[in-house]
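Peer 1: The sequence shown stops at residue 247 when you use our numbering, and every number in between is there.
No wet-lab data here; the hints were simulated from the structure. Computed from a prediction, not measured in an experiment: that's the story for all the values here. Please note that a few of the clues may not be correct.
[Claimed, not checked] Subject to a maximum C-alpha distance of 25 Å in a straight line, what follows is the list of computed PhoX-like cross-link-like pairs (lysine-lysine):
no. : residue 1 : residue 2
1   : LYS(-18)  : LYS217
2   : LYS129    : LYS237
3   : LYS198    : LYS173
4   : LYS(-18)  : LYS26
[As the list claims (entries may be wrong)] Label pairs and their computed distance ranges (CB to CB):
no. : residue 1 : residue 2 : range
5   : LYS224    : ASN137    : 26 to 36 Å
6   : SER191    : ASP111    : 55 to 65 Å
7   : LEU218    : ASP111    : 16 to 26 Å
8   : ASN114    : LYS26     : 21 to 31 Å
9   : PRO221    : ASN137    : 20 to 30 Å
10  : ASN227    : LYS1      : 51 to 61 Å
Note that the Cβ used here is the ideal one computed from N, Cα and C, for glycine as well.
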Amino acid sequence: MKLIQQLEYGGNCLKVIDYLKSIFNDVSYTCETYQSFPSAEIMGVKQSGLQMIYKSIFTINQKNTSICLNLSDSMLAAMEMSSFGVLSMHIPQIITSTLVNKNDYNIEWVFDKNKPEGIFQYLEFDGFCQDVINHYENAFDIKADFITKYKNSPVANEVGVGGGEKIYSALLNFKHENKNYGLKLCDTIASAKNNINTYDPSALLFYKNSSNPLFAIKDDDENVLQNIFAKLSVGAKLNKPLTKDENGIIHGNLIDKYGVCWDISLS
């Protein structure tokens, strides 16, 4: 089961790729421009947009961990209908044991030398991370590792009464072809300090008052995907059933009950 985060840019995706290559030594990537997009002319992609990135699968390896990013320039940018330099969606947080000095291109880098070392996707929640962990353990059939509560964390003396039970850090490992694609989960320090839980199922179209993070899950077992999709669908919104599309590809997507978007497809 492979975990991929999808990020969209407004014309500067190639600069993002070059930026990531300059920071990390062990990377692999593929890159396609709109020149190779079959429907580019029909969709109205302009001449200047043909050199923009249609799809780049970028993998960063660190220690025994990896993250995979699906990077692209938006179709609107390629059509010259929109121009922006930063992400048009959720600002991703990435934990790494490599020191990154700048948060360029709206990627928030979190430097952490604590165990386990490596590189991980990162999501924060406002006081209900334990519920998220339970939901994802059930949906993905993965047991969370390295669970630390605030009462046992380096900032234990900063949390309020009752806030010590909030989640300081937890790790879900998605394993694919001998690689670990890690997703770290936690509660915000503010929720621990104030012992609050802001979960509001009526406001789940947005994650922490910003655009929803978008992850893709790929697996070669259709039954596994059907099971994952069924469990994630509980309480989900904007549900596109996991079915074969016009090209015969099994695909579905949803926003789960905690505001995280999932795009599920057969690899």
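Peer 1: Next, verify each hint and record whether it holds.
Peer 2: Checked hints:
This hinted pair checks out: LYS(-18) and LYS217 have alpha carbons roughly 23 Å apart, not beyond 25 Å. Proximity of LYS129 to LYS237 is assessed by CA-CA distance (about 23 Å); at most 25 Å being required, the pair is judged to hold. Distance hint between LYS198 and LYS173 is unfulfilled; the C-alpha atoms sit about 37 Å from each other, more than 25 Å. A C-alpha spacing of about 34 Å is found between LYS(-18) and LYS26, which places the hinted pair above 25 Å, so the restraint is violated.
Checking the proposed 26 to 36 Å range against LYS224 and ASN137 shows it is violated: the Cβ atoms sit about 55 Å from each other. A C-beta distance of roughly 22 Å is found between SER191 and ASP111, which places it outside the suggested range of 55 to 65 Å. Between LEU218 and ASP111 the Cβ separation comes to about 21 Å, which falls inside the hinted range of 16 to 26 Å. Checked against the hint of 21 to 31 Å, the C-beta distance between ASN114 and LYS26 comes to roughly 48 Å, which is inconsistent with it.
The given range of 20 to 30 Å is broken by PRO221 and ASN137, whose C-beta atoms sit roughly 49 Å from each other. The hinted window of 51 to 61 Å between ASN227 and LYS1 is violated, with their beta carbons roughly 32 Å apart.
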